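Based on the provided sequences and hints, a complete structural model is requested.
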Amino acid sequence: MIEVKGLSKSFGKLEVLRGIDYRIEKGEKIVVVGPSGSGKSTFLRCLNLLEVPTAGEVWFEGVRMNGKKSDINRLRRKMGMVFQQFNLFPHMTVLRNLTLAPTQLGLATKAEAEARALELLCRVGLEEKARSYPNQLSGGQKQRIAIVRALTMNPDVMLFDEPTSALDPEMVGEVLDLMKQLARDGMTMVVVTHEMGFAREVATKVLFMDQGKILEEAPPEQFFSRPQNPRAQEFLSKVL
Amino acid sequence: MNSFVLLAQESLFHDFFGRLYRAFIANNGWKEMLRGLEATFYISIGALILGMVLGALVAVVKVTPGKGILKRILNIVADVYITVIRGTPVMVQLMLMYFGVFAATGMDAILVATLVFGVNSGAYVAEVFRSGIQAVDRGQTEAGRSLGLSYGKTMWKIVLPQAVKNILPALGNEFIALIKETSVAGFVTVFDLTRAARAIVSQTYDPFVPYLVLAAVYLVLVMIASGLVKLLERRLNRSDRG
Chain S
1 MIEVKGLSKS FGKLEVLRGI DYRIEKGEKI VVVGPSGSGK STFLRCLNLL
51 EVPTAGEVWF EGVRMNGKKS DINRLRRKMG MVFQQFNLFP HMTVLRNLTL
101 APTQLGLATK AEAEARALEL LCRVGLEEKA RSYPNQLSGG QKQRIAIVRA
151 LTMNPDVMLF DEPTSALDPE MVGEVLDLMK QLARDGMTMV VVTHEMGFAR
201 EVATKVLFMD QGKILEEAPP EQFFSRPQNP RAQEFLSKVL
Chain Z
1 MNSFVLLAQE SLFHDFFGRL YRAFIANNGW KEMLRGLEAT FYISIGALIL
51 GMVLGALVAV VKVTPGKGIL KRILNIVADV YITVIRGTPV MVQLMLMYFG
101 VFAATGMDAI LVATLVFGVN SGAYVAEVFR SGIQAVDRGQ TEAGRSLGLS
151 YGKTMWKIVL PQAVKNILPA LGNEFIALIK ETSVAGFVTV FDLTRAARAI
201 VSQTYDPFVP YLVLAAVYLV LVMIASGLVK LLERRLNRSD RG
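As you go down the protein sequences, you meet chains S and Z in turn.
Counting from 1, one number per residue, gives the positions in the first sequence under the numbering used here.
Counting from 1, one number per residue, gives the positions in the second sequence under the numbering used here.
It should be emphasised that the hints constitute simulated quantities derived from the structure, not laboratory data.
There may be inaccurate statements among the hints.
[As the list claims (entries may be wrong)] The list that follows gives simulated cross-link-like pairs (lysine-lysine, BS3-like), each with its CA atoms no further than 30 angstroms apart:
#, chain 1, residue 1, chain 2, residue 2
1, Z, LYS230, S, LYS129
2, S, LYS13, Z, LYS71
3, S, LYS13, Z, LYS62
4, S, LYS78, S, LYS205
5, S, LYS5, Z, LYS67
Being a predicted model, the structure only gives us computed values, none of them experimental.
Here you go:
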C-alpha cells in the first residue's frame, strides 16, 4: 500500500533520514519507536509529503507521491493524519472542523457531511460536543475529534505522529482506546509513539529507528522479548 | 498689540452660536457638509475594501514558499509596491494620479481618490497581514494540507480567518488613519468633508467655528469606526470562551 525506496531527508547539513526502504501492506499496524531525534516523525511526515524527501521515492497505492506530476492533494485525501498538537481549527465548531474538508473538496453536500460527522461523533461518544469550539474541550477530547476529522475523509491509511505525547496522563487511555478500536476495524495504521504497551498490543510490526535508519523490524512479541540490534536492546532497557 | 491679541482670544468663542447658525444654517452649510461627508464616507469605505483585498493578496504572495520564476517576479512586484507606496506621501500619489496618470481619462475625482487611498492603504495592510499570517501556528496549515485541501483553500479557510482575528486591532488603526488621510482629497477637486468646511469658511470669513465642527465630525467618524472594530473583535472572539 505504501512503499518507500531510498528515502532520505536532510535539513541543511543535518541528515535526518538516511536511505530508508520499507513496504507497508494493507491492514498492517506499523508502530515506529526509537529515541528522540531518531527521525521517526520525519519518516512519518515524509509518507504524506508534509516533509518533502531530499532523495528517494514514496509510493502510495501504486502511484508515486513525490513525482513532478503527482496530484498530492488528491493522494493525501486517502491518508489521514493525526498530530501531537491536535491542530484542530480553533475558529470553527467541532462540527465545522469535521465537515470542512469533505464539503470544500466537493465530496459531500453540507447535509451529507454533517450526518456523517455526527455519526462518527456518536461512535466516539462526543456527539454533544458538535457545537462546541475546540478550546472548550479537554486534550483527550481534542485528540479524539482530530482522529474523527481524519476519518471523515474515509482514508485508506492513518498516520499518527505521537498522538498521546501532549496529553495529560489520565487522558492517554481514551485516545489509545479509540486507536485500538480503529485497528480492530481493520484500518491500516502507521503510529509513531512512546506507548510501548500500545505497540505490544496492537502492532503487527514494530520498527525501531535510530540515526535516520530502521535498525530493527519485528513482530512485537519478538521485538520486546528478543531484540536483535544492540541499540534496540539499549533503548528497551531504558524505556521498559 | 497686546490688547489686540487679547481681543482675538476673547473673540474666539464670542457669539459662538450665532456664528454656528450663520455657517451651517443660514447659508445651508449643513447641506455642503453632508455632501462632503458622503464623499469622505465613500472614499474611506471603498479604500478600506480595496486596501484589505490588495494587502491580503500581497501578504499571501510574500508568505507563500516557492522558488519558481513566477514566484520571484511576484515577490519583486510586491516589494516594489510596498517600498514605493510607503516611501512617498499619499498627497503626492494623489496628485500624480489625478493630474498626471488619469488626467486624460477624465475619471471621476472620487474614484481616483478611492483608488489611490486603497492602493496606499494596501501597502500598510500587507505588512500587517503578513505578520498575522506568520503568527498562525504551522500545524494549522499542515492539518489543512493533510486533509487534502490545496494551499489556497487552506490559506483562505483556515489560516487567513485566524490571522484576521489576530490583527483586527492593527487593521482598526489602519482604518482610522485612512479616514483621516482622506482629508487631503480636496487637493484633487474632491468635495469631501474638509473641502466642504473650507467652502463654508470662504463664505463666512470665520475659520474657527467651521473647522472646529469639522474636527468634531472626524472625531465622531473615528469613534464610530473604532466602535465597529471592537464589536467585530468581540464577535470573532466567540470561539475563545473557555
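Hint check:
The straight-line distance between the Cα atoms of LYS230(Z) and LYS129(S) is roughly 29 angstroms, inside the 30 angstroms bound, and the hint therefore holds. Proximity of LYS13(S) to LYS71(Z) is assessed by CA-CA distance (about 26 angstroms); at most 30 angstroms being required, the pair is judged to hold. Between the alpha carbons of LYS13(S) and LYS62(Z) the distance comes to roughly 26 angstroms, so the proposed pair stays at or under 30 angstroms and holds. Note on LYS78(S) and LYS205(S): the hinted pairing holds, with a Cα-Cα distance of about 22 angstroms set against a maximum of 30 angstroms.
The straight-line distance between the Cα atoms of LYS5(S) and LYS67(Z) is roughly 26 angstroms, inside the 30 angstroms bound, and the hint therefore holds.
When held up to the earlier numbered hints, the structure conflicts with none and fits them all.
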